[in-house]
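S.K.: The chain contents come next:
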Amino acid sequence: MRYEAPKTTKEAVALMAKAKGVAHVLAGGTDLLVRLRSGHVEPDLVVDIKRIQAMGKITPVASGIRIGGAVPSALLGEHAGLRKAWPGVVEAAKLIGSTQIQGRATVVGNLCNASPAADSVPAMVAAGAKAIIVGPKGRREIPVEDVAVAPGKTSLRKGEIVESIHLPKRPPRSGDAYLRFIPRTEMDIAVVGAGVSLTLGPDGVCRQARVALGAVAARVLLVEEAAAALIGTKVDDKALDKLAAAASAACRPIDDKRGTKEFRIKVAGVLARRAAKMALERARRGK
Amino acid sequence: MSKIRVSTTINGDPVEYLCAAEETLLDVLRDRLGLTGSKEGCGTGDCGACSVTLDGRLVCSCLVLGAEAEGRQVRTVEGIAEGDQLHPLQRKFIEHAALQCGVCTPGFLVASKALLEKNPNPSEHEVRFWLAGNLCRCTGYDKIVRAVMSAAAEMREGR
Amino acid sequence: MPLDNPKGQSFRLVGSRPNRPDGIDKVVGRAKFGADLSAPGMLVGKVLRSPHAHARIRKIDIKKALALAGVKAIVTRDDFKEIEGDLRDVSRNVMARDKALYDGHAVAAVAAVDAATARMALKLIKVDYEILPHVTDVEEAMKPGAPVLHADLFTQGIEPTPKKPSNVAKRHEFGHGDVAKGFAEADVVVERKFKSEAAHQGYIEPHACLASVANDGQGELWVCTQGHYAVRNVCASLLGMDVSKLRVTASEIGGGFGGKTTVFIEPVALALSRKAGKPVKVVMSREEVFRASGPTSSATVWVKIGAKKDGRITAADAVLKYQGGAFPGSPVDMGAMSAFACYDLEHVRAVGWDVVVNRPKQAAYRAPGAPISAFGVESVIDELAQKIGMDPIEVRLKNAAREGTESSYGPTYGSIGLRATIEAAKAHPHYKAPLGPNQGRGVASGFWFNFGGQTCVSLNINIDGTVALAVGTPDIGGSRASMCLMAAEELGIGYDQVRTIVADTSSLGYNDISEGSRVTFSTGMATIQAARDAVKKLCGRAAQMWGISPEAVVWENGHAKPAGANAGDFPPLSLADIAKVAANTGGPIAGHCEVNAEGAGVSFSTHLCDVEIDPETGFTRVTRYTVIQDAGKAIHPSYVEGQYQGGAVQGIGWALNEEYIYGADGKLQNAGFLDYRIPVASDLPMIDTVIVEVPNPGHPYGLRGVGETSIVPPLAAVANAVSAAAKVRMMEIPMSPPKILKAMGAAHRR
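Chains as they are written, first to last, in our numbering: chain W, 1 to 287; chain Y, 1001 to 1159; chain L, 2001 to 2750.
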């Protein structure tokens, strides 16, 4: 196995594009190293992106905030601007693994790992985040929900790296929240995850909403019916009931050692409802 | 397979070593540098027994490649005491009987120290959630939490 | 050894909380555990394990692997002699012979210059398996037509012995009286069937050892173990060595809880070292620990208890079915014996079935067998109390075993502390604390036998009057501190003047394993006896120095003194005074004890548990927990509390989330700490403890073992709390959220 630590994105892309055999990007390493040690993956090349200055920053831009591909999740919670604008994304990042894991794991890595249960992804999907991809042919931008295509597989082409994710500018009276279900209080992979982001008008009526569910299908689901249940309402109990039902109906879960189908379907509705209420509270508090 | 040469700083001292690309920092610490204080409990980042700090940030050394330590500051349990002066956390762990078998203790000390450097006045809730990545099977965590809060109190008083 | 002062004890040091002597090493990273030692020229050993739950091993081809550069030795079943007798099953578990009996069973092992080479070599070993049908569930394994693991296993304990082999190894029965008669007298009867999944001890330190066998056949073994003498004996037998040729040193141990009372990788490491002519280090990965060390049993437990309206139990009956993995010897006998041990019963019966399945061979897990049967019994007692309309504590008080009770497993109890723990629970503020919405409270009691056993101790007086105490029981809970306390107490010197070490197998006579809650009791008793032996000798030396008769010398406050004015007017002599001139009075001074310690006192525990359930998701957390347990005499209260808290939390984990999950293919699905979910710090509240002291008449200080009893009540205490909060009886462990939600939903619909 070869280890390279390029100093620029351009170099990193060139290494990944030229690589013969299996090549992996190394950001936090909290997924890659586990798979390496267990023999699940035998890379010929590992490209460490943590020496690339641009990738290690959280940068406010005119159109929102950019989170670099090498930013550890712990940094998200330490960024005041991000905490204020996107508390749901921040709380999702704070749920990945343990303090030690958050010291390394990146939300971009979490996204590119393409696990249906990834904790940061439903919140980013609900936020309408975009993945900024750099490859041999240049840059492109796609919604984060289009990065994973199947468990463990992304839509990235050879040589492409996600340089950052972009969170849009927040209109006033907006709020987001992420909740997950795990059997313990920490450390577990999400059995169900629900991310909700919404914006209220000055009259308290919901103008925009996005609802995303994790761990209930092969990919994170953007549930438009659940969002539709909120838009145009004051997010009262009736709307929330509709949202919960739509969330449960959208699930296509499996039975596995972490949860049964029926449990996931039921709890998806419960969590979507609770996350929506939290997002609502935050939207009402914000200006 | 040729080895990678790494220059780093461990517990304040400059260190150089050779390692294979796939060797973890934990492997290097234990097998190449004789620093066996950090333990391998799981190899998958689930138990925290291998906790170290990397440029001041708490991480699992089993999930860091040896090569990644280049130019960085690594701190292990062996670097917590200063000469013959134990850190308040170390003293409190002994006083409060916060260790039975002691194999998880290095990880807890490194993790607790990182907590108190960030938050000198943590609540019990904050201590428990910060330390959720450190598994202990012997104590049930009660005396560990008490020791950490007691050390925090002492450190706040500047004793 | 009988209790010194039945009328009451007062101690100078025993019962205090000094720092443990090995504490500093453990907080600075200096303490050496199983994987922390290396040797020059050391090779790395790795084990090849069966990927199949049940398969005949037709052929093992190691040619390619042996040819790989850097590979120095490979061992298979061909390198281990066939052994009959007591060690037959252990030897077949350490290395498979004709069959692989579980996913993870050792099939071959390699020693190579580094880990990467060893791993590559494993991949090059070709094993020709004939896959056989498998069975991993205990009740499935008992059915006719189930795949049979051993063609020579015929059920013992039933008449007549079956002619066909099966997976049922043995039937046990304990009890007395006539349960049919007892049930006929009952006003209320509760009968339930319970299921519990297998748990692992979950020690954070994986098994690890460093073996070094020289050309003359002399071997050294460094290993994390609860019993290095037992390891020596077993390894010597398996390798065909004289016991004296093998020297085993116990490293510090990173948790055992019973799981390190046997051998797994040690004989393999020795065999590799012998073949390679170099030291070999073998360390299990976490995955190997789960797949191939010794978890405890999964089981079904049927319990039926009948009582009068006033709460007096008239009959108690139980049938337990435990699987012990691929070989006979599950702890169903101890489960059956302990099931009703808390109760004073006229009619009682417990039947236990020991069953084999395609899972790793079980090893002891803290009070082996008892938590499982207590889960059933204490749940039924709870339900009985509800049906009668009586407080569950009152029901227990009404039926609690006491001095003179004929126990359910045979012996008559002497002075015991069960009632004291129940009374203390009743009086505890926890029991009266108000409960909020979605919260429930559970009570449960538990019992453990505690053991004595073979023990040797050597207590040597150093030239400056300090004391070197060598014991042979690995310290798994802080026992070195307790030994220092007891030695210092006896000798009348300071705690800091005694240094206790765990000696290797060449330095002391045989010591039984650190298990059965026996160390503070047995090694403590031996230490006390050795100290008294030393005191006699010290008095003899003083007598010599003074020219008087030894009978005229007494030992007081760490000094030899003349017994009275008549004996002479000599100033007292300290240990240091006597030791300084020992060369002139007869040579080195030491006290010894070699004993088969008897008189271990049983201990009882009563636990209180509060839980809160989220009714929409089934998420459950323990909000308050109190352990009340009889220690006889707490030598070092902090470490006694530590045992109470540690055992309780293991029980809580087992009750709520811990389980072995096997797929339909017979493979273990959750061989890691991610999906084998032990409690983390944020899952728990503080664990309150109350140490009750009802002295054990069989020990000079009255102490009882404490290490195991604390894991016996929690499964039922938590289940009773969850049942109360969910308003539906929970009968399966672990009570994971999907199960709780399902049970609540089902109850709601009825």
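The set of hints was computed from the structure by calculation and includes no laboratory data.
Even glycine gets a Cβ: it sits at the ideal position worked out from N, Cα and C.
Be aware that a few hints might be false.
To be verified - SDA-like, lysine to any residue: derived pairs with alpha carbons at most 20 Å apart: (1) L:2398 x L:2437; (2) Y:1003 x L:2427; (3) L:2739 x W:77; (4) Y:1118 x W:77; (5) L:2739 x W:185.
What the hints assert, rightly or not - Quick partial rundown of chain W residues pointing at chain L, CB under 7 Å, derived from the structure: (6) 40; (7) 259; (8) 267; (9) 284; (10) 286.
S.K.: Between residue 2739 of chain L and residue 185 of chain W, does the CA-CA distance stay at or below 20 Å?
M.R.: Holds: residue 2739 of chain L and residue 185 of chain W sit about 17 Å apart, inside 20 Å.
S.K.: Would the hint linking residue 2398 of chain L and residue 2437 of chain L be met if the CA-CA limit is 20 Å?
M.R.: violated, 30 Å
S.K.: For a C-alpha distance cap of 20 Å, please report whether residue 1118 of chain Y and residue 77 of chain W respect it.
M.R.: holds, 13 Å
S.K.: Holds or violated: the hint that residue 284 of chain W contacts chain L, with Cβ atoms closer than 7 Å.
M.R.: Violated. Min distance 23 Å.
S.K.: For a C-alpha distance cap of 20 Å, please report whether residue 1003 of chain Y and residue 2427 of chain L respect it.
M.R.: Violated, at roughly 67 Å.
S.K.: Using Cβ atoms only, decide whether residue 267 of chain W comes closer than 7 Å to chain L, and label the hint accordingly.
M.R.: holds, 5 Å
S.K.: Would the hint on residue 40 of chain W be counted as holding, given a Cβ-Cβ threshold of 7 Å to chain L?
M.R.: violated, 12 Å
S.K.: Using the nearest Cβ pair, does residue 286 of chain W come within less than 7 Å of chain L?
M.R.: violated, 27 Å
S.K.: Restraint: residue 259 of chain W near chain L, CB-CB cut 7 Å. Satisfied or not?
M.R.: holds, 6 Å
S.K.: Is it true that the CA of residue 2739 of chain L sits at most 20 Å from the CA of residue 77 of chain W?
M.R.: Given that 20 Å is the threshold and the Cα spacing comes to 35 Å, the pair is violated.
Consistency note: the structure conflicts with the earlier hints numbered 1, 2, 3, 6, 9, 10.
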